[in-house]
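Quick mapping for you: the protein sequence lines, in order, are chains A and B. Mind the numbering: the first sequence is residues 1 to 312 in the working numbering, read in order. Mind the numbering: the second sequence is residues 1 to 334 in the working numbering, read in order.
No lab work stands behind these hints: they were computed from the structure. Be a bit skeptical, because a hint or two may be false.
Said to hold, decoys possible - Pairs of lysine-lysine residues, derived as DSS-like cross-links and limited to a Cα-Cα distance of at most 30 Å, are as follows: (1) A:213 - B:238; (2) A:213 - B:94; (3) A:213 - B:119.
Just so we're clear, the structure is a prediction, and the values are computed from it rather than from any experiment.
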Amino acid sequence: MSKRTLPRLLQTPAVFLLLVWMLVPLGMTLYFSFIRYVLNSLRRPEWTSPSLSNWRGFGNYEFVLKSKDFLLAIQNSLVIVCSILFLTVILGVLIAVLINRAFPGRGIVRVLLISPFFVMPAVNAVLWINMILDPVLGLQGIAVGSINDMVEGLRNAPLVGWFFSLWPELTPISFRATQTSALAVIIMVTWQWTPFAVLIFMTSLQSEDQQQKEAAVLDGAGPWSQFRFLTLPHLGRPIAIVVMIQAIFHLSLYAEIEIVSRGNGNKNLPYLIGEFANNNIGAASATGIFAVILANIVAIFLLRMIGKTLME
Amino acid sequence: MGRIQLENVTKSFGDVEVIPPLNLTIEDGEFAVFVGPSGCGKSTLLRLIAGLEETSSGNVIIDDEDMTEVPPSKRGLAMVFQSYALYPHMTVRKNIAFPMRMAGLDEDEQEKRITAAAKALNLTDYLDRKPGQLSGGQRQRVAIGRAIVRDPSAFLFDEPLSNLDAALRVGMRLEISEMHNRMQTTMIYVTHDQVEAMTMADRIVVLQAGVIEQVGSPLELYHEPRNKFVAGFIGSPKMNFISGDEAAKHGAHTIGIRPEHTEVSTTEGLWKGVVGVAEHLGSDTFIHVHDTGLAGTFTVRITGDIAVRHGDTVYLTPQADQIHKFDTEGLRVA
Chain A
1 MSKRTLPRLL QTPAVFLLLV WMLVPLGMTL YFSFIRYVLN SLRRPEWTSP SLSNWRGFGN
61 YEFVLKSKDF LLAIQNSLVI VCSILFLTVI LGVLIAVLIN RAFPGRGIVR VLLISPFFVM
121 PAVNAVLWIN MILDPVLGLQ GIAVGSINDM VEGLRNAPLV GWFFSLWPEL TPISFRATQT
181 SALAVIIMVT WQWTPFAVLI FMTSLQSEDQ QQKEAAVLDG AGPWSQFRFL TLPHLGRPIA
241 IVVMIQAIFH LSLYAEIEIV SRGNGNKNLP YLIGEFANNN IGAASATGIF AVILANIVAI
301 FLLRMIGKTL ME
Chain B
1 MGRIQLENVT KSFGDVEVIP PLNLTIEDGE FAVFVGPSGC GKSTLLRLIA GLEETSSGNV
61 IIDDEDMTEV PPSKRGLAMV FQSYALYPHM TVRKNIAFPM RMAGLDEDEQ EKRITAAAKA
121 LNLTDYLDRK PGQLSGGQRQ RVAIGRAIVR DPSAFLFDEP LSNLDAALRV GMRLEISEMH
181 NRMQTTMIYV THDQVEAMTM ADRIVVLQAG VIEQVGSPLE LYHEPRNKFV AGFIGSPKMN
241 FISGDEAAKH GAHTIGIRPE HTEVSTTEGL WKGVVGVAEH LGSDTFIHVH DTGLAGTFTV
301 RITGDIAVRH GDTVYLTPQA DQIHKFDTEG LRVA
C-alpha cells in the first residue's frame, strides 16, 4: 500500500456520503423531469408510478417553458433576490459602520438589531402583512388614515388652509394585490435579513486595522475617503459572502410568497415548483432543473460583479 | 522648516497621567530619538505631536505656529508606523499616491514624485505589486515613500524597525540615517532599542514614565549620564552598579562602571571573581563574573579574545577615570 492509499481510503466514506447526499436527489429530479409522472390520473393510471416506459424526452421542459407563469416566475425570482441583496447590503454596511463606534447602550442596541433574524419566516410574513402593511388594520392603514384626518382638519385652518387643500387624499396601498405583493415580500425579507448582513459586517469592521486609519488621517483622508478607500474595500470579502449566502437562501423563498398572496401575481421558481408538484411531478422536476441552472448563473454573475467593483 | 516645540504638554487617560508637564524643543533638521523602556510614554508623545492624540493641556508648536487644535492632516507631518499601516488592497503605486490624491495634486506631479520616491527607495520594480506580496523591509520602504512624497516639514517614526529581523534592521537603520543626511528634514524617531538611538540620533531624549530624564547627544549621554537610569539604559551591555563599601571609597552612594571600562586578568587585580558565562564573539568577549563580593553579576567587555571559561577565577580592575558616581537620589555626582 503506497503512502497515499490509506488517507484516500479513510476519506472514502465521507466523500461517498456526500456524493450520495447530493447526487441521488439531483439524479432523481433529472430522471423525473424526463418521464411522465403525475400523482393522480384517472385517465392514464400508468403515469402515476415512475417508470422508463413513460419516457417523455424534453416534453416536460417544453410544457414548463410554455406555461404562462414560467417567465413571470424567473423574472420575479431575479427581481426579489436582487432587490433584497441590494437593500440588505447597503443597509447592513450603513448600520454596521454606525454601531461600530462606542456609545452608551451599544450592547443592547446590537442585540435588538440582530433579533429580527431569529423570527421564523412564516411568522415574519404574517406579522408584516397583517399588522404593519395591512391597508386597514395595519400600521400603514392607521398612519395613512391619521395623515388624511390631519390634513382634513388643517384645510379649514386660517393662513395655511389653502396649502393643505392642494394636498390629495392619500390612499393606503394593498400589499396583497397583484402589482405590489412582490414589494411586500422584498420589504419583509429585507427587514429579516439585514441583521445577518450587519452581523457579518460588524465582525469584519472590528478586525479593521486602526493604524491604517490613523495613517489615512495623517494622509489627509476625511471620513468619507476613509470609508470609501479603506472600509469599503476591507468589507469586500464579507459583502461577497453575504451576497452569496443570501442569493442561495432567497432563490428558494416560499413561505412569504405563500402567506402574502398565495402566488397571486407573485410567483418565483420554488413557488411554481410547488404548484406543479400538486399533481405533475414531471413538470415540477423540470422546473427544479431550471431553478438549479438559474441559481448557478446568478451565483457566478454576482460574484464576478462584486469581485470587480470592490477589490480594485 | 520643521521646528517642533512642546510647551507644558500633559496627557492623561482618565485618571492616569501618562505624561506630566513636559517641555521640549526639537530644532529644524534635527534627528531626535525618543528612547525609553516600553510604556514610558514615548509613543504617546509622538502621537501628541502628530495630532493622533489630543493633549490634556499645553501647546504643540510647529514652526512658531500653535498647532495644538489643528487636525493631524494639516500639521504638515508625515508618520511611519510600526505595523507599516499600508493600504492592503492598493498597489504600491496607489499607496504612495494616496496622500497626494487626498491633497488633490495633479496627475503629472503625482507621477513625478512617485517615480522619484521609488527610485530613492529601490521600489521601482515593485510599484504594481500589492503590499501583501512584499517583504517586511520593502513594506517599510513603501511606508517611508508614502511619507516622503508629502514633502513634510518633519517625519515621525514610531518604532519602524521593530517588526524586521536583525540583519534587515541594521540595513534600514543605515538607509534612514542616509535619508536624513540627504534631506536634512527634521525627524523624530521613537524606539526602545538604545543601539538604534545611539547610532542614528543627533540628539537623544531619554524618557521614563513620561518624564524626560536627559536630553543630549549620544556621546554626552554615554559619557555623562545625568542619573542612574540613563546610565543603565544607554550602553550595551548594561553598566554595572556597585553600592556599599566599594562606593563609599569613592565618596558616592553608588558607583557605576561600564563593562568596557574594566580590565580583566587571570593573575592579579582589584576584585576577584568566578566566571559564570563567557560569550566569545571574536571581536569582543563578554564575561559575566560571579562571586566578586560586589552586587550580583559583574559584566565585563573586552576587545579581542581571552582564554577564560566557566568556573575560572579572574581578577577585575576598573579604569579609575571611568567610574561614574551617583548619590542616594541616583543623581550624578561630579
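Determine which of the earlier numbered hints do not hold for this structure and return their numbers in increasing order.
When the structure is compared with the hints, only number 1 turns out to be violated.
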